[in-house]
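Visitor: Given chain A, put chain B in place with the hints provided.
Just so you know, the sequences run in chain order A and B. Numbering follows this note's numbering, with no gaps: position 223 of the first sequence is 224. Numbering follows this note's numbering, with no gaps: position 185 of the second sequence is 186.
These are calculated hints, taken from the structure and not from any lab test. One thing to keep in mind: the hints can contain errors.
[Said to hold, decoys possible] Have a look at the derived ranges for each label pair, beta carbon to beta carbon:
{"#": "1", "chain 1": "B", "residue 1": "171", "chain 2": "A", "residue 2": "60", "range": "33 to 41 Å"}
{"#": "2", "chain 1": "A", "residue 1": "161", "chain 2": "B", "residue 2": "21", "range": "37 to 45 Å"}
{"#": "3", "chain 1": "B", "residue 1": "42", "chain 2": "A", "residue 2": "2", "range": "57 to 65 Å"}
[Said to hold, decoys possible] BS3-like cross-link-like pairs, simulated, lysine-lysine; straight-line CA separation at most 25 Å:
{"#": "4", "chain 1": "B", "residue 1": "19", "chain 2": "A", "residue 2": "227"}
{"#": "5", "chain 1": "A", "residue 1": "42", "chain 2": "A", "residue 2": "19"}
{"#": "6", "chain 1": "B", "residue 1": "227", "chain 2": "A", "residue 2": "227"}
{"#": "7", "chain 1": "B", "residue 1": "19", "chain 2": "A", "residue 2": "118"}
{"#": "8", "chain 1": "B", "residue 1": "19", "chain 2": "B", "residue 2": "100"}
{"#": "9", "chain 1": "B", "residue 1": "3", "chain 2": "B", "residue 2": "100"}
{"#": "10", "chain 1": "B", "residue 1": "19", "chain 2": "B", "residue 2": "3"}
{"#": "11", "chain 1": "A", "residue 1": "19", "chain 2": "B", "residue 2": "227"}
{"#": "12", "chain 1": "A", "residue 1": "3", "chain 2": "A", "residue 2": "62"}
{"#": "13", "chain 1": "A", "residue 1": "62", "chain 2": "A", "residue 2": "19"}
{"#": "14", "chain 1": "A", "residue 1": "175", "chain 2": "A", "residue 2": "19"}
{"#": "15", "chain 1": "B", "residue 1": "62", "chain 2": "B", "residue 2": "3"}
We put the CB at the ideal spot given by N, CA and C, even for glycine.
Number of protein chains: 2
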Amino acid sequence: MKIGILGTGAVGRTLATKLIEDGHEVMIGTRDVVNTLARNKADGYGNPPFTEWLSAHPSAKLESFSDTAAFGEVLFITTAGLAALNAIDLAGKENFSGKIVVDVTNPLDASAGMPPKFAVTLGNSLGEQIQRHIPEAKVVKAFNTIGAHIMVSPQREEGVPDLLIAGNDADAKKWVNDLALSWGWNSTVDLGGIENAYWLETFAMTWIVYAFNNNSWNHAFKFLRK
Amino acid sequence: MKIGILGTGAVGRTLATKLIEDGHEVMIGTRDVVNTLARNKADGYGNPPFTEWLSAHPSAKLESFSDTAAFGEVLFITTAGLAALNAIDLAGKENFSGKIVVDVTNPLDASAGMPPKFAVTLGNSLGEQIQRHIPEAKVVKAFNTIGAHIMVSPQREEGVPDLLIAGNDADAKKWVNDLALSWGWNSTVDLGGIENAYWLETFAMTWIVYAFNNNSWNHAFKFLRK
Numbered sequence: 002m003k004i005g006i007l008g009t010g011a012v013g014r015t016l017a018t019k020l021i022e023d024g025h026e027v028m029i030g031t032r033d034v035v036n037t038l039a040r041n042k043a044d045g046y047g048n049p050p051f052t053e054w055l056s057a058h059p060s061a062k063l064e065s066f067s068d069t070a071a072f073g074e075v076l077f078i079t080t081a082g083l084a085a086l087n088a089i090d091l092a093g094k095e096n097f098s099g100k101i102v103v104d105v106t107n108p109l110d111a112s113a114g115m116p117p118k119f120a121v122t123l124g125n126s127l128g129e130q131i132q133r134h135i136p137e138a139k140v141v142k143a144f145n146t147i148g149a150h151i152m153v154s155p156q157r158e159e160g161v162p163d164l165l166i167a168g169n170d171a172d173a174k175k176w177v178n179d180l181a182l183s184w185g186w187n188s189t190v191d192l193g194g195i196e197n198a199y200w201l202e203t204f205a206m207t208w209i210v211y212a213f214n215n216n217s218w219n220h221a222f223k224f225l226r227k
Numbered sequence: 002m003k004i005g006i007l008g009t010g011a012v013g014r015t016l017a018t019k020l021i022e023d024g025h026e027v028m029i030g031t032r033d034v035v036n037t038l039a040r041n042k043a044d045g046y047g048n049p050p051f052t053e054w055l056s057a058h059p060s061a062k063l064e065s066f067s068d069t070a071a072f073g074e075v076l077f078i079t080t081a082g083l084a085a086l087n088a089i090d091l092a093g094k095e096n097f098s099g100k101i102v103v104d105v106t107n108p109l110d111a112s113a114g115m116p117p118k119f120a121v122t123l124g125n126s127l128g129e130q131i132q133r134h135i136p137e138a139k140v141v142k143a144f145n146t147i148g149a150h151i152m153v154s155p156q157r158e159e160g161v162p163d164l165l166i167a168g169n170d171a172d173a174k175k176w177v178n179d180l181a182l183s184w185g186w187n188s189t190v191d192l193g194g195i196e197n198a199y200w201l202e203t204f205a206m207t208w209i210v211y212a213f214n215n216n217s218w219n220h221a222f223k224f225l226r227k
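One chain only, chain A, in its complex shape (with noise of 0.2 Å):
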C-alpha cells in the first residue's frame, strides 16, 4: 500500500527501508525537499546525509510534508517529537482524516545535550497532543519505546521482545500488531486508549537512560503475560 513517513532521520529511514522491503510504495516527507537534499553532511545523531539513503533506495520518493501526507494511505510521525505538531500543521491536518496515523516520537529536549530531558507532564504526552490535533485520525502510539533498529528487527540474542502500544482505535491497532508480528516482534502489549501514551513515553525514557548509563543500545523488554 501506499505509506508516508515524516521525518527523514534513523527512524523514517529505518522503517521506509523495511517498509520498501515489504513492498509497499513509500514516500518520505521533509520540511524543506531543497534543502534535505542540499545537506551533505551527517546530521547532529551521526546520521550520513539522507541523499547517501536515498541513492540506495530509488524507490522511494522524498517529498513535502504535505505531498507526504496526501499520498499516505497510512502515515508514520517519526520526526523530532517537539517538531512533530508544526509538521502535521505543514502537512495538512486534512490529509491525517481517516487515516491509521503509527506516532513514533518521543517528546525528549536534546537542547541542553546528551542524554535528552524528557519534555511532556501526564495527560499531555505527545500522543495525546497528537490525537488532540487531528481527532480525525486513528492515531496509534507504537515503536517508540526502543532504538530505531530494533524497530523492524526486534530479535535479541537473548529472545524475542514483545511491543507497547497504545491508542483509541481497534482496527488502527490491529494493523500495527499484524506489521509488527510479520516485522518478527512475539506480541504487542495493548495499553489501552491514547491516554496511556504517557506511559510509553516513559517507557522509551527507561530504555533511553538505560543505554546512556551503560553505553548499551541493543535492550529490549519481553513481556511475561502469566
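Guide: Here is chain B on its own, set in the frame of chain A:
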C-alpha cells in the same frame, strides 16, 4: 539480620513473610499499634485484618514506626506512597541514617477510586523525595514495579522476569540485587541514581494500567540485554 518494615498492608506482609522464611528477625511498624491490632475487618484493598497475618507469623513483631526504624539494620518502606514522608517523620529521621532503605512505594492517589492516579512529577519522584528527606540513608528504589505477590515469587509461567532498581549507593544496590536473586529474579536492571526513580514509578503505572485494563495480575517484564 534485623529487618524493619514500615507498613502493614499487602506489600509489607508479603515481604515480611518471605524475610521471616529467609531467617531474618522482622519487625513491622505501624502508625498506631493499638488501632492496627483492633481492626477486625478487611481493608480497602480486601486484605484481611493484620491480626490474622500476625497470628500466622508469631515470630514477627508489630511495633510503632519509630521502634521499627530503630530496630532494623535494613528498612523497607511499604506504606501508601503519599503517606511515606509522614511515616518517616513519625519513625524519626535519625533512625534511617547509614542504613539501607528499600523504597517499595508508588505515588498513587486512589481518592477518586480505581485505577489510582499517578501523583508525582518528573524530578520529584517518591524515591527522590524520600532520599532528600533522609539524606544519610542509602535509599534503593526496588520491588515497586510489580504486584506484591510477584516481588517474592517472581517466576512466571512464561519466564523469569528482571527487577528494575535505582539508587545512589552501590553497596546498597548490591544488597538488594543479592536479595532479589535469592528470591528468584533473573537479574536486577540498575537504572542509575535515585533521580531515575521516576522511571521506576512510571514503569509501575505501566504494570497497573495493563492490570486494570485486562484484569491481569500476574504479568511481569523480562529484560533482554542484547
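Visitor: Measure nothing beyond the straight line between the CA atoms of residue 3(A) and residue 62(A); if it is 25 Å or shorter, mark the hint as holding.
Guide: The given pair, whose Cα atoms are some 11 Å apart, holds under the 25 Å limit.
Visitor: Within a Cα-Cα threshold of 25 Å, do residue 62(A) and residue 19(A) meet the stated pairing?
Guide: holds, 15 Å
Visitor: Is the Cα-Cα distance between residue 19(A) and residue 227(B) 25 Å or less?
Guide: holds, 21 Å
Visitor: Is residue 19(B) close enough to residue 3(B), meaning Cα to Cα at most 25 Å?
Guide: holds, 14 Å
Visitor: If I claimed the Cβ atoms of residue 171(B) and residue 60(A) lie 33 to 41 Å apart, would that claim hold in this structure?
Guide: violated, 52 Å
Visitor: Given the proposed pairing of residue 3(B) with residue 100(B), does the C-alpha separation stay at or below 25 Å?
Guide: Roughly 12 Å between the alpha carbons, so the hint for residue 3(B) and residue 100(B) holds.
Visitor: Hint says 37 to 45 Å; check whether the CB-CB distance for residue 161(A) and residue 21(B) agrees.
Guide: holds, 38 Å
Visitor: Hint check: residue 227(B) vs residue 227(A), CA-CA at most 25 Å. Holds or violated?
Guide: holds, 23 Å
Visitor: Has the given pair, residue 19(B) with residue 227(A), been kept, meaning a C-alpha gap of at most 25 Å?
Guide: Holds, at about 21 Å.
Visitor: Please verify whether residue 62(B) and residue 3(B) have alpha carbons no more than 25 Å apart.
Guide: Cα-Cα ~11 Å, so holds.
Visitor: Holds or violated: residue 19(B) and residue 118(A), Cα atoms, limit 25 Å.
Guide: Violated: residue 19(B) and residue 118(A) sit about 39 Å apart, past 25 Å.
Visitor: Is residue 19(B) close enough to residue 100(B), meaning Cα to Cα at most 25 Å?
Guide: holds, 20 Å
Hint compliance for this structure: hints 1 and 7 are broken, all remaining hints hold.
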